[in-house]
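Read off the chains here:
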Amino acid sequence: MAIDKNTVKYVAHLARIKLNEDELDLLSSQLESIIDFIDKLKELDISGVQPTSSVLAVGNVFREDKPRASLTAEESLSNAPEKKDNFFGVPKVIE
Amino acid sequence: MKEKSKLNQFTAHDLSGLIKDKKIESADILSSIEGRIKDIDPGIKAYVRREDSSSNTPQSEPALKNGILQGIPVSLKDNICTKGNNTECCSMILKGFKPPYNATVVKRLIDAGARILGLKCNMDEFAFGSSTENSSFGPTCNPWDRQRVVGGSSGGCAAAVAADEAVIALGSDTGGSIRQPASFCGVVGLKPTYGRVSRFGLIAFASSLDQIGPITKDVRDAAVALKVIAGLDALDSTSLNLPVPDYTKSLGNDIKGIRIGIPREYFVEGIDEEVKKVVLTAVDKLRDLGARVSQISLPHTEYAVPVYYIIATAEASSNLARFDGVQYGLRVEDKEGIPGNRLINMYKATRGQGFGQEAKRRIILGTYVLSYGYYEAYYLRAQKVRTLIKQDFDRAFDSLDCIITPTSPTVAFKLGERVKDPLKMYLSDIYTISANLAGIPAISIPCGFSKENLPVGMQILAKSFNEEMLFRVAYTYEQNTDWHLRKPMIG
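Here the protein sequences line up with chains A and B, keeping their order.
1 is the number of the first residue of the first sequence in the numbering used here; add one for each residue after it.
1001 is the number of the first residue of the second sequence in the numbering used here; add one for each residue after it.
Hints in this document: simulated from the structure, not taken from any laboratory.
Hints should not be assumed to be uniformly reliable.
Claimed, not checked - List time: in silico SDA-like cross-link candidates among lysine to any residue, alpha-carbon distance up to 20 Å:
1. K1390/B <-> D45/A
2. K1420/B <-> Q30/A
3. K1420/B <-> E32/A
Chain A on its own, in the form it takes in the complex (with noise of 0.2 Å):
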């Protein structure tokens, strides 16, 4: 299946990934590759085979809704790159 370039600025786009002009290149002729060899599992049958999400038997698990210790707001906003008051600072959304 063939990826191009335009289809790799896509998704890239989708990823939130910036991507330079070489990397565009060079990714679509990687992924191309890596395509052609996951469609392998095309060959299999796989009708009425239940798909596995998860190796564990169990279902969700619950506790009790009691609130516990957990991080301070300052342990939170710790590593923030930038921060204001009580808040993570993020560019202006709306102009």
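Given chain A, work out where chain B should sit, using these hints.
Using the frame of chain A, we list chain B on its own:
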């Protein structure tokens, strides 16, 4: 005790004995390890050196009681969180990240008396790789031959243990990242059953596959370490509420009547002849020791790598969405980009600059297989084939106690050899990936050497939550061979 400077060469269980007999103190071990790191690590680079020098000194946690690991230093892969101490997954995007909490495994190690090294072990960025060459700090060199890779992604851990720069190290294994480097470095590496060890505080790669496990100098240390870190944790809902056995009780020198299967699909085209010969010789040894060996088939083996590179990248693309320049790590502003959307431009510039090539490749592949129109063709199909792979193992274990394979089709390859060919690199994990897909436990132990004096690893797999079987077979083999005692000559 004489020769305290050589304590770095000892196993944890031997050191524990010396501490109990009051022949040495914990500080003696630490200074021996520190000395070794100072002497040889500039040539091996098992540990990462950061600009922030406070994180570069081996540091100890207060040891509180007479725990199983009292006074024993433990080294950690750079993706296991330690409170206040840099944990960066060897990625530019997490540069400077100091977690505000300890991973559950770290808490358990400290509660058992262990002392956590402040220096972290090198790894492929976010555990994306099989050679530790995808690290923002550069590659680790194999202690057996510095021109060769250590394997990956827990390559720093395996090299540190092999080169006696660590007693025990904890790594993580998503598709072989503990076992393959253990094999390349001639040490023991265990991936526990999915659900056996809490991942709280392990920076996630692929959540349906990731497990934390020990890399050690011998099988007994792996059993001791697993006992300490295993068990239910309310902070990881995938950790199961099952009793944690005393794994050291499985360390008997007896495998009479144990039923071992050898899957023919693991000995076909692609395997190095020397590796094949060494592993089959090891199997003969197990037969001599009383095991019943039979040929078996795991028919869906050839689909494991493609299934893995769909599921693991899909999960990674989702897990790594959190690295966006807001909560931690790097932020890059972008004045160009899409007009009028500074926030999205910031996300894209941060991730474009912060992630290395392999991380970008995997996130984009993962996003692609999950995207509209491709979900069923790739992701859902891969999950179904995963079921078939798991069923292969379920069927096999109906009449077997364990399965034995090579850990990797080759010995450690040369640095740089596979960097330009991602697909070839992905195939390094061909024998280890299935255990993660099926959720079963697997251990790699040294079982011989190539003509070039490079270690070969043997992988033992067992049913879910039957780590005891792995320890029993591995320990019996180890008691009757001396591969694990060989040490690399380091200049």
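Hints, verified against the model:
no.: 1; hint: K1390/B <-> D45/A; in the structure: holds, 16 Å
no.: 2; hint: K1420/B <-> Q30/A; in the structure: holds, 10 Å
no.: 3; hint: K1420/B <-> E32/A; in the structure: holds, 15 Å
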